[in-house]
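Undergrad: Residue numbers (the numbering used here), protein chains in the order written: chain L, 1 to 721; chain H, 1 to 399; chain U, 1 to 259.
By construction, these hints were calculated from the structure, which means they are not laboratory data. Ideal Cβ placement from N, Cα and C applies to all residues, glycine included. Any given hint could be a false lead.
A few chain L residues facing chain U, derived, Cβ under 8 Å [as the list claims (entries may be wrong)]:
no.: 1; residue: C88
no.: 2; residue: S93
no.: 3; residue: T219
no.: 4; residue: T222
no.: 5; residue: T567
no.: 6; residue: M659
no.: 7; residue: T663
no.: 8; residue: K720
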Amino acid sequence: MTKTISRRDFLKLGSAAGITLAVGQMLSPKVAQAARDAGHLNAAGDGTIPSLCEMCVWRCGLLAKVQKGVVVKLDGNPDNPHSRGNLCPRGQSGLMNTYDPDRVLTPLIRVGQRGEGLFRKASWEEALDRVANGMLDIKQKYGPEAIVFSATHNLSQPLFENLLYGFGSPNYGTQRSLCFNAMIVANLMTYGTEEPARNYSKVKYIILTGRNLMEAISTSETHDLSQVIDEGVKVVYLDPRYTKTASKASEWLPIKPGTDMAFHLALLNIIIGEGLYDKSFVERYTVGFDILAQEVKKYSPDWAAQITGISIETITRIAHEFAAAGKYTLAHNGWRTSNFVNSFGTQRAITALNTIMGNWGTTLFPGSGEGAGLGAPLQPPYPRVSALRLDGVPWKYPFVPLKLGIFQELREGVVNGDPYQAHGWFISRQNPVMSIPDRGRTLQAFRKMDLITTIDIIPNDTAWFSDVVLPEASYLERFDPLNVVGDKAWLRQPVIEPQGEAKSALWIYKQLGERLGLGEYFQYTDEEDYLRQQLAPIGVSLDEVKKTGYAQLPVEPPNIYNWNTTTGKIELFSETLSKAGFEGVVKWEEPPVPAEGQFYLLTGKMAQNTQFGTQNNQLLHKYSDEPRLWMNAAVAAERGLKEGDWVEATSDVGRIHVMLHPTEAIRPDCVYMTPGYGHLSKALTTAYGIGACDSVLHKTFTDPISGSQALSQTFVMVQKA
Amino acid sequence: MKANLTIHPRLRMNISPLVWALLGFMALAGLIALYRYAFGVGAISNLSNSYPWGFWVSFDLFTGIAISSGAFIIAAVIYIFELKEFKPMLRAVLLTALLGYIMEAMALMIELGHPERIWYFFIYQNWTSFLLFIGLYVMIYIAIMAAELSPAVFEKLHWEKSINFMKRLMKPLVIVGAVISILHQGSLGALMLIQPTKLFPLWWTPILPVLFFISAVAVGLGMTIFESSLSSRYFKRGLEVHLLSKLAATIPFILGLYLVVKFFELFYSGDAKFLFNSGTMSVLFWSEILIGVLFPMIWFAFKRNRQSAKGLLVGAVILLFGMILNRFDVSWFAVKHANSITYMPTFMDPATYFPSWSEIAVSIGIFSFGILVFGLAVTYLPVFETEDHAHGPAPETGD
Amino acid sequence: MTETIKHKAFIFDATRCIDCRACMVACSVENNIALNKTRIWLAGEGIMGIYPDLQRGTMVYHCMHCGHPDCLSACPVGAYTKRLDGPVEYDGDKCIGCRYCMNACPFGVPHFDYDKGIIEGAFIDKCSFCLQRVDNGLEPACVATCPTDALEYGERDELLAKAHARIAAHPERYINHVYGEFENGGTSYLILSHVPFNQLGLPTLPETPVNEVSEQVISLTLPAALGIGAVLTVTAVGVSLYNKNKEKASAQKEPEDVK
């Protein structure tokens, strides 16, 4: 009974011509009853249930309108600080993720060649047994470290980590190094915290380095930025592309890629050199200022002008304007800071700039810890792991937190079999086939695997290449552990019955854990029991939380002038780094530049998609611009290239064909690809065949300090196809 | 290929190649219509949200109705102005007009989104809409023309009482018909009043209905001449040159009036500034004026042209061509719907429009139907006769 | 525009819109719009200028819910009505699919189901003002979801005051004009912009609604009909009498000449 996955294999959810009723979802027992008990649904099955979005990491609070057991509309929850009543286009399209005709709704076991997409349906019993036995088999033959566990960080992460560490493997892959390792490690080195919280209520001057908030939407922060721009706050935006944020900023600087650090170093040079910084703050709360001051002396505006392409006058003027705003300033660290190997240095420069302006306590505050104040089921300590991590953390990369890891190095370790060969890969809520740079090499890594297991909701590319696919319930169909934002713990609860055989991650991890002999790490009977244990310390009932959508946490008075560094102060000079043989103070690093005839290959975000996961959503597809390669219009004209021409882009590791979009909105030395397309999985009937994949072109780089990938250090040649 | 088709022993027909062709076009149009009913208007046309009206409206509605204006003119000439000499022409002209209106109604059955609701004009009425009036006018006028033609049928059936009844009713009927026709022809122009921002200023004016009426009179006369010329050739009957020449004599005055009114309006409103520097629009406008107004105006001023069969035909054809161009300009060529800088990748409607082959085929099929019915009517009904047999030339004798 | 009745209206502020299209997705879901149709469109030149001196002008728009709707004026069967509180409603039960409304609307709003046959039924689709939300105290779906408050909803007079206040607070940022305040007789979708409105894709319209001339002329129909009828009747009677007299006279003169 083998056949290629097609939408007909799954629950027939109606035509593509609209959101139609899910068959058999009328007044289903469990969820509907629970929702009725909570007062959300009336007898007919109509009502509104509060929950959390999962279309991106911002996890906006939402209100799901349900009619007769079908989600018909999602609205932002006005009480939730991340949404404030709004939802971005992805959030609004979320129910199409749940009702995607291509969804995986039963466990699948591969029957054809890996990558052919031939699977057969299996029961949970069979699939889970297959996975557990396979993993135990590999553990027995090669050791537990031979299984790689990777998941993109989500609310069930603690239980995922229980599988990983309980199993005894050190090999933990997250998407972090592809995204914000540079930012996080720099913050840890400087403030002792992963990410400070930003507050826009008093800001008067903002420097945005990348962080295209108007397209990489984080609903409330995007709203804040828009609001302060509306009120007249000055926003200087650095980006080689004229993005939608550039069009809203007061000033757009088309900075040369890789030179953000030089710009910030020049600002430091001027502000420190002219004594415009907050002397008392620096004296009270920082260490290493003198070393910093000495170091930045050489980073003059004309030095920076030559490197960045921004004029001396502009740099000087901005430095003075920024300084004039004193502590009402914000140099935004950005998020996806995996641009160049010197991005770590850029982050250090940005944190230094914020520090000397003394804006800590005005625009920057300590970040809140995850899960702070909540309970958790008991679990035994993890077994000792003696094997080295394949990604070289910490033995090659001492400063990369274990929870972050270096995903691209992990992939390298699998391909090279160095220091040992991995044989299994367990993936949850992640698409490494598409996300890790150099897709060809990732597929090579996959070919070394004896067992690849993927948990996903749609047959995404990684699932397509797997041996076993386990269907997770979509976010509208499941409970997840609580999400702490500010002084509240927010609940994700199911608003409809899970379709088909789909189950929550909490359930899947527990089932698998028990079969792996790790039952003690999953001491909860079901999802609700887990949540009750989380709520136990704060004494709020789960029923209460289901009603309102959140639990109020006891508020502790913040101690904002306390940093978790070795000195207890903000470290402009890091002894820790210095002792390890790295530069303790921020120091200019020259980035590589493309050769003659090559372009920087830029990547970025678009408002209608989230990384590699949403291109199959028909509602988003409906409103997405066609993904093309951007090239500066004058440059394209010179080469005789026109809108819609097929071009070939080649890097050292790959080649793609894509349509060209000549535009004024990009530097002449850059090209940009709309990210997230070029899927390999034919089971994604909407997304397959559209666009090309930039991961095919991306070379692998690793910053030795933060482990960050350098996505813009790939240079490409472009010619007519 | 001539085939002998025996439907009934008393009705033996030779089906000529022309008739086969006409039947073929009708069948094709019928198939296209069925496809349309199954799959929508977009399946058989290039109409879009940028161009909701196109070839059918220009050809079947605007042109079709304009060329049907001969009926009320001839009827008025005969029954109001009592110029009885024109009687021989009446029935043919009425028939042409009736068929013109019926063809328009057939086109509507394809073009309307809900042709099965065409009778809604009678129950849901918005009196600020010129389209409502046009819908009602079409239906009422078809009834009136049918009534005016009924004596021809009654003669065939030898229903003397009915013939006498209709005789008495004729004059009031003609007056009502004339009023309706005048308003109708004007209303077609008035249809475009509601889109002053979309119709190029060389055409849009508040007095568009007046201009349409005046030109409709000219078109009607031209069509009368044209139809008489063609049917005299095809059905081998005499051409009433003396009558037609009298009609043609009025054309220069009518066109002259049109010219004066049109240009007075252009200068008065200031739109004259667009006359020469508007690119394609200028070309279209001057083509209309030269071909549809100036040429026929001058041509028919010469007695020599008015009094020869060839001269009449040439003048009529050119007049018709120019005036049909005017109808196409007002309803299509000079209309710009699309907001050319609206963009949305998935939904972008084409900013230009050209009819698809199936659109044209539908109109050809409907037109073929009209020709066929005209031919049948002429063959089986006393169309070319008047009620006084003794006064008219006998049918089927040459001249 | 009547002054006494409060009309519901929107503000769209082009300086705030980030072209994220959340409004379009929200509208599609809220109103169950087919995947190949939309009620909200994107318009505008987009990116303007030459690198690096660039500017961006886009707008999202839907039915303007005009004060003197042209669609309403044009529709022969009265399928459009305007609620007392502003929204212009379309009633598919009356529609005959003539598409005259599409001609009439200067903004090109009504869109037609060109892909539907007789059985499914081809109708016009346009923004319905989310009346199912608005009549229950909620904002229209597009307004509710907009992450940057580019779309706002409220009572027209209040929104106009707000719009003008916003222009006054930042004269360097806005074109000094609220589009839709007077255009086409006033619309209920009011637009603020940093670039000339035609660069957003908006037509230049006079303050008189485009249906004004049409409605004025159509009110002459009955008088015209009566007048023409009278003239023709008088003419007919006159000619008839004249001819009868002529016949009598000639009959009297030459009684033997009968022909």
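Undergrad: Work down the list of hints and note, for each, if the structure agrees.
TA: We went through each hint and held it up to the structure:
1. Against a cut-off of 8 Å between C-beta atoms, the interface hint on C88/L holds, since the closest Cβ of chain U lies about 5 Å away.
2. Contact between S93/L and chain U, as hinted, is supported at the beta carbon level, the nearest pair being about 5 Å apart and thus within 8 Å.
3. With 8 Å as the threshold, the beta carbon of T219/L comes within range of chain U, its nearest partner Cβ sitting at about 5 Å, so the hint holds.
4. A hinted interface residue such as T222/L counts as satisfied when its beta carbon comes closer than 8 Å to some beta carbon of chain U; here the least separation is about 5 Å, so the hint holds.
5. Below 8 Å, beta-carbon pairs count as interface contacts, and T567/L has none with chain U, the closest being about 40 Å; its hint is therefore violated.
6. With a cut of 8 Å, the hint placing M659/L at the interface with chain U is violated, because the nearest CB-to-CB distance is about 17 Å.
7. Residue-level restraint check for T663/L holds (minimum Cβ-Cβ distance to chain U is 7 Å; threshold 8 Å).
8. A least Cβ separation of about 22 Å between K720/L and chain U goes past the 8 Å threshold, and the interface hint is therefore violated.
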